[in-house]
Amino acid sequence: MMLTVRNLSKAYAGRQVLLDISLTLRSGEKMLLLGPSGSGKSTLLACLCGLAQPDTGKVTLDDAPINDAIRRRHFGIVFQTLRLVSALSLSANLVLAQKLQTGRSDPALIAHLLERLGIAGRANARPHQLSQGEAQRAAIARALAVRPAILVADEPTSALDQTNAAIVARLLADLADEAGAALIIATHDERLRPHVPRTLTLAEGRIAA
Amino acid sequence: MISLALAYLRDRPLTSLLNMVLLGIAVAMLVLLLQLGTQANTRLARDTAGIDLVVGAKGSPLQLILSSVLHVDQPTGNIPIQARALVERDPAVARVVPLALGDNFRGYRIVGTDAGFAQLYRTRLAEGRAFAAPMEAVLGAEVARATGARPGQKFTGSHGLGSEDGQDQGHDHAPFVTVGIMAPTGGVADRLILTSVESVWQVHGIEANHEEGAGEHDHEHETGPDALEPELTALLVTYGNAAGALRVPAMVNRQSALQAAVPATEMARLLDLAGASFDAIRVFGWLLAAMGGLAIFVALVGIARAREGDLALLRVMGATRGQVFGTVMLEGMLTALAGAVTGWIAAHGLIMAARQTYPTLAELGLVPWQPLPAELAVLAGVVGIGALAALLPALTVYRLDPAQILARI
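In order, the protein sequence lines correspond to chains A and B. Residues in the first sequence are numbered from 1212 upward in steps of one, following this note's numbering. Residues in the second sequence are numbered from 99 upward in steps of one, following this note's numbering.
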């Protein structure tokens, strides 16, 4: 499975946010999308996931343009604001994600993920009862619960201290390995470089390195 | 989606509860009205069945009907026993049942009458036999149950027609003997003690030698100018043909001491009077339900906005537009349904509590758990209000563009 971006450009309200971006990501590959705020990381992620349409260029997965069905089937997304459903418990959030994707839940996978992420004891807790770190892990667990081919995480360590940031980055890499998923982490946090083999630096909407 | 809607409802318990209570009160009011109106109508129809005319003393015709047919008010007075013969003379009259009231036993009216009463009210004996001799009595099913009286036992009546009347004016000198107990009828007869008219006279020291319809007094038994004349309280008249309705009331009303009251007319008037109040309460009930719907609408509009992110996420994760629309619709409808069911249970619970607190209501035959088809319409109407209230917020989330909301991811 290969995610391909070709000559992608996008502008918002007259401002060029992304300009002529091209990249590829293969199964199991891990990539850090590094750049300061406003460099276009989140917009690029939105285009990769099909949540935003490029003005020019295209994004394909195995030569198929990204659409809703492909996103639901192949992508697991960890949102910067986590977006856990507040009315549901941690485990219910995972069940909901699985049911919406496949129509059924996989309790064994959920139990494994919660255990693996060290939040099994918080399975029945509601999002507001979780610490920031627990909520972060819960969002990762939900993204992985749908067995994605590509795991996308936007600023997954922005609210964490250095130790926890490193733990989460390693965890994402390990879990992606275990799931056989490709991983893209968008971040401004240079501390994550050592944990992800490939780094793509964005500056003012262009690939800088 | 149902479990998600329930989770959202649980997530804001106070708002959900308040909306539910508001709708519950509305439903309780509407169901109570339905129950009381229907049960009153049924009861009145059953108790007045077969009685075309009531003849009694001048006064309020409604009071005459209430006292002589439903046995819930004081009689308008007494009438001479000759009135019976006067009415019976008309060939259109098929049956005249006399009533002589005045006493009670533990609040249950003792009714002096004849065998025609049992035919009129279609009563049958569960135990014992019908009264034959003076001071023999047959008890209604409710009377027997409440007093524990059995055939062969004696009791004495008290003056007055209610339990609070004449408790210190017992007729110990003239005890009745129970000879029979009626099977339950579900009507007014269950709360009555039947005896002969002569028994009632005898209890009050009135000589019964006046032959009804003879038009003459047996003066041998009078002991002075204040001697009591045997009288009746009312006559329950059944016509043999329609001509009776044209002739008999007019003939009765021409008598200076008598009045004729038509149960159907008086009951219609009573229900009209009550109906106006019922209508006002019914309008209030539906207004309250509309307010409940408005409260749900306001809550859901705010929630739809606050939950934009959640719902966009659901769409991104695979929920269809219809599913997120359904989630919001379900929240409104489940709130309304919970309120409706709570109100329904509360209404029937209130009837049950009232029945236990006020035994008279039980005696009047008020039944607590007797669902009516119209109640389903009330429940459906309230759930419809919930659906209507949820429609606009649900359409808002239906039109939501998840990509636009989550593009920032």
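No wet-lab data here; the hints were simulated from the structure. Since the model is a prediction, treat every value here as computed from it, not as a measurement. There could be a bad hint or two in this list.
To be verified - Short derived list, chain A residues pointing at chain B, Cβ under 7 Å:
1. R1283
2. L1293
3. R1294
4. V1296
5. A1298
6. A1308
7. L1311
8. Q1312
To be verified - Across the chosen pairs, the derived CB separations fall in these ranges:
9. A475/B x Y1223/A: 49 to 57 Å
10. T1267/A x R108/B: 44 to 52 Å
11. T1267/A x M389/B: 52 to 60 Å
12. D1372/A x R108/B: 27 to 35 Å
13. R108/B x D1388/A: 52 to 60 Å
14. T1292/A x V465/B: 56 to 64 Å
15. L134/B x A1319/A: 56 to 64 Å
Beta carbons: idealized from backbone N, C-alpha and C, even for Gly.
Enumerated hints in conflict with the structure, sorted upward: 2, 13
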